[in-house]
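Q: Each chain, letter by letter, is given below.
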Amino acid sequence: MKDVHVDEWLVDHVRGELDPVDRARVDAHLSACGECRASRERFAALMTELARTAPAPPPIHWGAYRADLRERLERRASGGGWLWAWLVRPLPALVAASLVALLVMTGLPAGLRAPGTPDPLALDNTILASQLDMIARLDVVQQLDLLEDFNVIGELDELPEPQKS
Amino acid sequence: MESSDEQLCRAVAEREPGAFDLLVERYQERAYRIAWSVLRDREDARDCSQEAFIRLHESAGSFAGQSKFSTWFYRILVNCCLDQQRRRRGWRRLVGWRGPRADGPDEPDPVEQAPAPFTDPVDGMDTERRMTRVWALVEDLSPQQRAAVTLSCREGLATKDIATVLNVSEATVRVHLHRALSTLRRRLGDEG
Chain P
1 MKDVHVDEWL VDHVRGELDP VDRARVDAHL SACGECRASR ERFAALMTEL
51 ARTAPAPPPI HWGAYRADLR ERLERRASGG GWLWAWLVRP LPALVAASLV
101 ALLVMTGLPA GLRAPGTPDP LALDNTILAS QLDMIARLDV VQQLDLLEDF
151 NVIGELDELP EPQKS
Chain D
166 MESSDEQLCR AVAEREPGAF DLLVERYQER AYRIAWSVLR DREDARDCSQ
216 EAFIRLHESA GSFAGQSKFS TWFYRILVNC CLDQQRRRRG WRRLVGWRGP
266 RADGPDEPDP VEQAPAPFTD PVDGMDTERR MTRVWALVED LSPQQRAAVT
316 LSCREGLATK DIATVLNVSE ATVRVHLHRA LSTLRRRLGD EG
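Just so you know, the protein sequences line up as chains P and D, in that order.
Note that our numbering numbers the first sequence so that position 105 is 105, with each residue one more than the last.
In our numbering, each residue's number is its place in the second sequence (first place is 1) plus 165.
Derived by calculation from the structure, the hints in this document are not laboratory data.
Take these hints with a grain of salt, some might be off.
[Unchecked claim] Which stretches of chain P does chain D cover? Using the computed rule of at least three CB atoms under 8 Å from a CB of chain D, they are:
no. : segment
1   : 24-36
2   : 49-55
3   : 61-75
4   : 96-105
Cβ atoms here follow ideal geometry from the backbone N, Cα and C, with glycine treated the same way.
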């Protein structure tokens with residue numbers, strides 16, 4: 001019985017598109033086969049729902065659409081189409097290369113750096129922090145050479161005598 | 166009397182001024198809506214629908230009038246959309262994007278299983294507000310099934326016209342539609 005089912009003719013039967021011969025054949029089968037009759041009813045309900053609830057596309061401005069179309073048509077007619085296509089083709093590669101160059105120039109983001117590599121900014125901060133104490137005593141630091149000389153003079157008597165040859 | 170679409174297309178082929186603008190005005194909303202239904206991205210839908218109009222302008226002379234103008238134009242449009250999806254899928258593969266898989270017994274082909282494209286989160290939020298549960302499930306269908314459902318249930322195209330648009334046989338369209346609706350029914354049943 002399965003080989004005489006008319007599954008694939010049911011959509012056309014619902015839409016009334018079958019020629020008289022095929023329609024008579026499907027009608028004859030439907031009158032004898034409850035399974036196909038039920039399928040036909042379910043298809044009919046589904047097709048009605050699809051037609052009734054078809055979603056509307058997002059709205060667009062038709063004036064701008066036609067102006068854009070006219071511009072594309074003129075570009076194509078003037079032979080600019082192939083040139084434009086040639087120019088546009090390497091665009092993704094160009095964008096990718098620019099991005100890589102930008103990353104190299106600005107330094108890699110922290111997340112992409114190899115583990116164990118110090119962050120240059122953190123290193124700068126550490127050096128600066130170590131120098132803060134020195135900066136706080138700047139007056140002493142500025143006179144360090146002089147103080148060193150004073151120290152040498154003060155301890156002159158403690159210096160070993162130069163050996164006579 | 167108003168010119169038919171087919172007459173306007175012939176006028177575009179002969180570069181009659183104003184003919185192209187008239188056709189654009191007639192079809193811009195449908196083109197954008199179909200592209201958005203397939204791509205689910207505002208900018209891509211705008212871009213693809215415009216590209217379809219440009220191709221129409223370039224190849225209006227090749228319209229033989231064997232099918233309706235709308236069917237011929239939708240074929241150009243859907244091809245643009247599917248090309249765009251393939252390009253996006255290529256980019257996603259390149260960056261290692263992995264989407265959800267839903268291996269059902271009806272859809273063993275992994276290419277057919279390609280999920281709906283990634284969309285910008287902001288655009289996605291906007292889309293979510295517009296989407297009912299059943300259309301949200303349509304998102305998970307393959308591009309061909311989604312296109313078939315959109316063209317059939319939303320745009321009201323007949324099976325033979327969908328076959329022309331998707332460049333497949335009518336039997337294939339029937340299979341796409343049957344599998345798509347069966348999948349939707351099963352998933353709605355699972356959720357309910």
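Q: So, against the hints stated earlier in the document, which numbers end up violated here?
A: 1 and 4
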